[in-house]
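Those protein sequence lines, which keep their order, are chains A and B. Under numbering that gives the first Met the number 0, the residues of the first sequence are numbered 0 to 260, in order. Under numbering that gives the first Met the number 0, the residues of the second sequence are numbered 0 to 260, in order.
No lab work stands behind these hints, which were simulated from the structure alone. Note that beta-carbon positions come from the ideal geometry of N, C-alpha and C, so glycine has one too. A few of these clues could be false.
Claimed, not checked - List of simulated lysine to any residue pairs, SDA-like, C-alpha gap at most 20 angstroms:
#, chain 1, residue 1, chain 2, residue 2
1, A, Lys131, A, Glu113
2, A, Lys131, A, Glu43
3, B, Lys155, A, Glu43
4, A, Lys143, B, Leu125
5, B, Lys148, A, Lys131
Claimed, not checked - Going by beta-carbon spacing under 7 angstroms, a handful of chain B positions derived as facing chain A:
#, residue
6, Pro58
7, Tyr60
8, Gly68
9, Gln74
10, Ile96
11, Asn100
12, His119
13, Ile121
14, Arg136
15, Arg137
16, Glu140
17, Glu154
18, Lys158
19, Gln164
20, Lys243
As the list claims (entries may be wrong) - For each label pair, taking beta carbons as the anchor points, the in silico distance ranges come out as:
#, chain 1, residue 1, chain 2, residue 2, range
21, A, Glu5, B, Lys148, 22 to 28 angstroms
22, A, Pro204, B, Lys215, 56 to 62 angstroms
23, A, Ser238, B, Ala234, 23 to 29 angstroms
24, A, Ser123, B, Gly214, 53 to 59 angstroms
25, B, Ala2, A, Leu125, 45 to 51 angstroms
26, B, Glu128, A, Glu93, 26 to 32 angstroms
27, B, Ser91, A, Glu5, 44 to 50 angstroms
28, A, Pro204, B, Ser91, 47 to 53 angstroms
29, B, Gly165, A, Asp39, 32 to 38 angstroms
2 protein chains.
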Amino acid sequence: MAAPYELIYYTGVPGRGEHVRLILEEAGAPYTDTRPLPMDKCREIVTHYLSGEEQGNPPYYAPPLFKHGDLLISQTSNILMYLGPKLGLAGSRENDIYRVNALALTALDGLSNEVHDCHHPIVSELYYEDQKEESLRRSKEWVKHRLPKHLGYWEKVLKSEDRGQGPWLLRSTFTYADLVLFQASSPITVSTCRPCLDGVQFAFPKAMKQARESGKYDSVFQLWKDVKARPNIAAYLDSDRRQKYDWGIYRYYPDNDVLPE
Amino acid sequence: MAAPYELIYYTGVPGRGEHVRLILEEAGAPYTDTRPLPMDKCREIVTHYLSGEEQGNPPYYAPPLFKHGDLLISQTSNILMYLGPKLGLAGSRENDIYRVNALALTALDGLSNEVHDCHHPIVSELYYEDQKEESLRRSKEWVKHRLPKHLGYWEKVLKSEDRGQGPWLLRSTFTYADLVLFQASSPITVSTCRPCLDGVQFAFPKAMKQARESGKYDSVFQLWKDVKARPNIAAYLDSDRRQKYDWGIYRYYPDNDVLPE
């Protein structure tokens with residue numbers, strides 16, 4: 000019997016673990032998840048596994064953690080890169096895995112880490128309330144300078160025709176990089192649950208609405224819709240396994256919901 | 000004839016390209032580098048390659064870029080992961096590459112990206128001078144909360160004995176993760192050229208001197224010395240191929256050179 004895929008993460012918010020859930024759900028791969036456990040139990044398990052060791056793995060700095068047999072690894076993009084080829088979601092040509100990983104890292108840097116830092120620009124150990132002023136200034140500058148740069152980049156990738164036709168980042172071939180970008184861009188309404196385009200939309204609904212209505216990033220917003228409509232993803236988003244945004248990477252603070260000046 | 004390894008990056012500072020140089024130099028692998036070119040020429044080449052396309056590669060967001068035959072990729076950790084197994088620097092056991100990549104990503108996140116954001120907490124499109132106040136506050140909080148957390152983590156990895164003995168992050172096996180951590184921690188003097196422990200030391204000499212003298216992170220500072228003494232690394236550091244820190248990721252601003260309060 001093959002070893003199970005085990006996701007070890009906190010509960011209560013989608014967080015960085017959500018990228019791992021999406022690749023597994025898209026592939027229809029069975030996995031275990033600490034999500035249904037109470038938070039104190041999650042913390043206990045995360046702490047235990049962060050210490051590594053037992054099976055020859057180093058200690059790690061932070062979850063998500065992923066266990067497959069004796070192998071224990073951390074870092075979102077790393078876990079996706081491990082799973083991508085196994086689940087047939089890392090491209091079809093030789094070395095596509097490195098193209099896909101570059102795209103996934105860029106989406107995580109620009110639309111996840113940078114957005115997190117909008118509510119914690121000084122240091123993550125302090126509360127938002129203790130860095131509110133800097134957070135507002137960063138949010139204003141971010142939607143002005145960075146958001147259009149990021150959306151413009153992804154639009155360029157999706158519009159480039161020399162690599163063939165298709166709605167995906169590698170054009171005709173759907174890969175996990177599409178899932179990561181989706182997980183950052185809910186373009187339409189701020190309603191229930193959304194995470195990268197999805198997550199940015201949750202944090203900055205006004206700026207994302209304006210970006211959508213500008214017509215400049217139609218391919219990016221179309222990708223969001225196309226990913227959402229994939230049968231396994233749609234079923235997952237409708238399930239009770241999908242958690243809501245709240246206090247995680249993507250947060251909605253009305254003061255920070257600004258338009259580019 | 001095998002395709003050459005080609006590093007495409009800006010000139011004038013070590014930057015993120017330096018991690019790629021160190022792995023190639025350690026392995027004694029020949030490579031081409033845009034470093035000796037004038038900056039305007041570098042910008043031109045970087046811009047050309049960022050647009051991807053020509054050989055079926057997607058456009059990328061930012062350098063460093065790495066070309067090997069028809070393959071063009073971006074993202075520092077991704078380039079290292081591509082080169083690691085080819086150069087024998089990604090561990091010896093099955094799946095070690097994913098352990099090494101997790102460690103490398105953690106060093107890049109904590110000791111490179113976070114340190115960069117100390118001089119640009121608001122947004123990288125504005126000058127340091129236009130975010131000086133926020134930069135000082137972030138630097139103070141960073142050396143207080145984050146620096147001890149990061150150094151403590153690496154000390155724990157280097158001290159964990161269940162995985163065997165040895166000075167390296169994977170204990171007896173030297174890997175490129177050691178090079179990445181080195182490239183963040185010059186512990187001894189602020190003198191000429193240094194980059195992750197190396198770079199942090201350049202940016203925060205007072206706090207790093209205090210950390211070194213505390214004796215709490217001896218394994219981390221020992222790793223820095225051990226990497227520096229490796230013959231190929233020592234020869235490289237002495238060569239004119241090694242550039243100085245200046246306006247890049249790691250910057251020395253006297254106002255920000257603070258001790259934890």
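Taking the hints in turn, this is what the structure says about them:
| no. | hint | result |
| --- | --- | --- |
| 1 | A:Lys131 <-> A:Glu113 | holds (16 angstroms) |
| 2 | A:Lys131 <-> A:Glu43 | violated (31 angstroms) |
| 3 | B:Lys155 <-> A:Glu43 | holds (19 angstroms) |
| 4 | A:Lys143 <-> B:Leu125 | holds (11 angstroms) |
| 5 | B:Lys148 <-> A:Lys131 | violated (24 angstroms) |
| 6 | Pro58 | holds (5 angstroms) |
| 7 | Tyr60 | holds (5 angstroms) |
| 8 | Gly68 | violated (9 angstroms) |
| 9 | Gln74 | holds (4 angstroms) |
| 10 | Ile96 | violated (9 angstroms) |
| 11 | Asn100 | holds (5 angstroms) |
| 12 | His119 | violated (10 angstroms) |
| 13 | Ile121 | holds (5 angstroms) |
| 14 | Arg136 | holds (6 angstroms) |
| 15 | Arg137 | holds (5 angstroms) |
| 16 | Glu140 | holds (4 angstroms) |
| 17 | Glu154 | violated (10 angstroms) |
| 18 | Lys158 | violated (9 angstroms) |
| 19 | Gln164 | violated (13 angstroms) |
| 20 | Lys243 | violated (26 angstroms) |
| 21 | A:Glu5 <-> B:Lys148: 22 to 28 angstroms | holds (26 angstroms) |
| 22 | A:Pro204 <-> B:Lys215: 56 to 62 angstroms | violated (45 angstroms) |
| 23 | A:Ser238 <-> B:Ala234: 23 to 29 angstroms | violated (57 angstroms) |
| 24 | A:Ser123 <-> B:Gly214: 53 to 59 angstroms | violated (27 angstroms) |
| 25 | B:Ala2 <-> A:Leu125: 45 to 51 angstroms | holds (49 angstroms) |
| 26 | B:Glu128 <-> A:Glu93: 26 to 32 angstroms | violated (47 angstroms) |
| 27 | B:Ser91 <-> A:Glu5: 44 to 50 angstroms | violated (25 angstroms) |
| 28 | A:Pro204 <-> B:Ser91: 47 to 53 angstroms | holds (50 angstroms) |
| 29 | B:Gly165 <-> A:Asp39: 32 to 38 angstroms | holds (36 angstroms) |
Checked against the numbered hints above, the structure violates hints 2, 5, 8, 10, 12, 17, 18, 19, 20, 22, 23, 24, 26 and 27; every other hint is satisfied.
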